[in-house]
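*Asks:* Fit chain B to the supplied structure of chain A, relying on the hints for placement.
Protein sequences appear in the order of chains A and B.
Per the working numbering, the first sequence starts with residue 5, numbered consecutively.
Per the working numbering, the second sequence starts with residue 309, numbered consecutively.
Derived contacts from chain B toward chain A, CB cut-off under 8 Å, selection only:
1) 337
2) 348
3) 357
If you are wondering where the hints come from, they were derived from the structure by calculation, not from laboratory data.
Ideal placement from N, C-alpha and C gives every residue a C-beta, glycine not left out.
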Amino acid sequence: MPSILDAVSSHTPRLTAALVGTPNCGKSTIFNALTGMRQKVGNFPGVTVEPKSGEVHIDKTTTRLFDLPGMYSLTPKTPDEALSVTVLHGEHDALPKPDAVVFVMEGTNLEKSLFLYAQFAALNIPTVVAVTMIDGIKASGGVFDDIAMEQALGVPIVGIVGHKGIGLEELREHIALRGFSRPEAAENQIPVSEGIEAQYQWARALAGEVARMPELDSLTTKLDAVFLHPVAGPVVFLAVMLLFFQSIFAWATPVMDAIEAGFGSLQNLVDAVLPAGVAQDLLSRGVIAGVGAVVVFLPQILILTLFITLLEDFGYLARAAFMVDRVMGVFGLQGRSFIPLLSSFACAIPGIMSARIIASEKDRLTTILITPLMTCSARLPVYVLLITAFVPPTMLGGFLSLQGLVLMGLYFLGGLSGLLVAKVFKVTMFQGTKLPFLMELPPYRFPTWRSVFLTLFHRTKQFLTSAGTTILTLSIILWALGEFPKHQAPPEASPIQAASLQLEHSALGTIGKTLEPVFAPIGFDWKVTIGVLGSFAAREVFVSVMGQVYSVDVSESDENLRTVLRSAISLPTALSILVFYVYALQCMSTIAVMKRETGSWKYPVLAFGYTLLMAYGASLLVFHGARSLWG
Amino acid sequence: MNEIPVGSKARIVTYTQHDSFTERLREFGLIPGTIIRLLRKAPFNGPVEIQFRSSRIVLRPNEVTHMLLERIA
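With the rest of the complex left out, here is chain A (with noise of 0.2 Å):
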């Protein structure tokens, strides 16, 4: 064996490693045990996708760790294999050649970890091998010979409980003594270059000697004997969905309530310190309103984050994708493209980003295209202010909200839509030779508190920082178009009035104005038409800007600017904004995450230009419609 302080120097201070394994084989607990907090949303300008990357301290050495996406073999077929396969081989723009790399394999499928391993070993790259879940094996009655491994593979094992923590130091140990060392050692061994029927047979010969065990998890047989049934699984299924809608709107209102009454405290506390003026109104209406505003669905986000994370990990996302493949067939999609647009419910961005999964770029593309069509939190205070003010309390059947309905119809509207459309994708610029679906249904495992928590944690230190500064600008320049050019209000004008003049006469204003006679047609007026611009920012911006021109409090829930609506705005027009919400594409965030995963400005055109088509031509339609009905 060679020296554990191989070719890496122990004098470098800072080490760039990257963890290689095959999807689903305990990967990124073991990046989320070896980081902790120190992990960084990567951000690489001109980058189609980036892996996860944080920083690993220990004994005063600092090593960047970066988690690649899992791979199944070296010659990749999604774009997530493309991205580590590139940098494996230094081919990364802006990510650079690993130093060293931490392989994890899966200790209950070796055989294929050990595949992938043959085909790495050629590149060799001073590695240390971790092994998961060998838990798994023992517990089974089997054996883990990890001595037998190590010489077969040239390279030091470390065996790990990933939920236990076993192991885990000794990995740490590893990387801070560098303790790594390249394949050479055993490339006689190891047919790096002899084809997959070769590299199979070693790696099942290899790991039927080093591990023994037996051939199916019995819990993931037991569990699919329910879940996949045909009768019991589909009413998993929807159970499940009901479960996922219930937790967005239910459970995360009250602390929705709170983070508003603290907000709205806040602005009263500015309002009462600092002397009325341009400071005092930029700071309250301009800066805490609008950061408020965005703040405020957080809750959802993280509701909904915990529930994918937990599906996900414990396995069930990869068979509810089982379930509804023939479904997505008929609209010319795949089981896969399921767990992008579930995601997309919460926020298209994620969901964007999740189509990396989808192996067929067609495939992935048309459903990148259509998750903007999925009604994420965004635009629920918007559905809200409208139902509320236009749709009677009416119960149906004494246990059936109306306004429920209402908004449940929204959703299936924008879903079933979006499905359509995607139906028009494949048949016209996305047809021809497709990708077959093929999937992996993972073992069913039991997540990890310590791994959720970290993806919460992330998860909101992302949000709070991405979108909490686009939506800081915007919310100033907004905020400064409605105060300027300064405008005398007479001097009987109560101070309501005299904000309400003063917007009309802004550069907003103005700008609405312009407007108008575009969005006439649907119904809108000026001061819709700027809270419709407001919203192409972000669509909760609609909120605060109808409260603005309203010249009432700003926030949804307060009585008043439901009730000033409802006399303001006619009831075609609100259906008309509720329809042009269900379809536009309102959000700069999800046509910068659109070029970016897409990598052309084509894909985020196309998606804005179908969607505000769609939008204006269903609101044409609902607007006359429901005019020649009601009058």
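*Replies:* Just chain B now, kept in the frame of chain A:
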């Protein structure tokens, strides 16, 4: 693949075509000689779940046209 009843086994004889999909199937471990078992079919002619060694994968049977199988049980 369409002709194998649920619960029965088959052996992969060979692939009649080499493309990136059959390459991926082999990279999953579905190399010639491997014995697979059809675990279940999704309703309405949906995808099937097959099991081999320690893996379970799902695919659409009518898309797996180039895998030559022989039934063994």
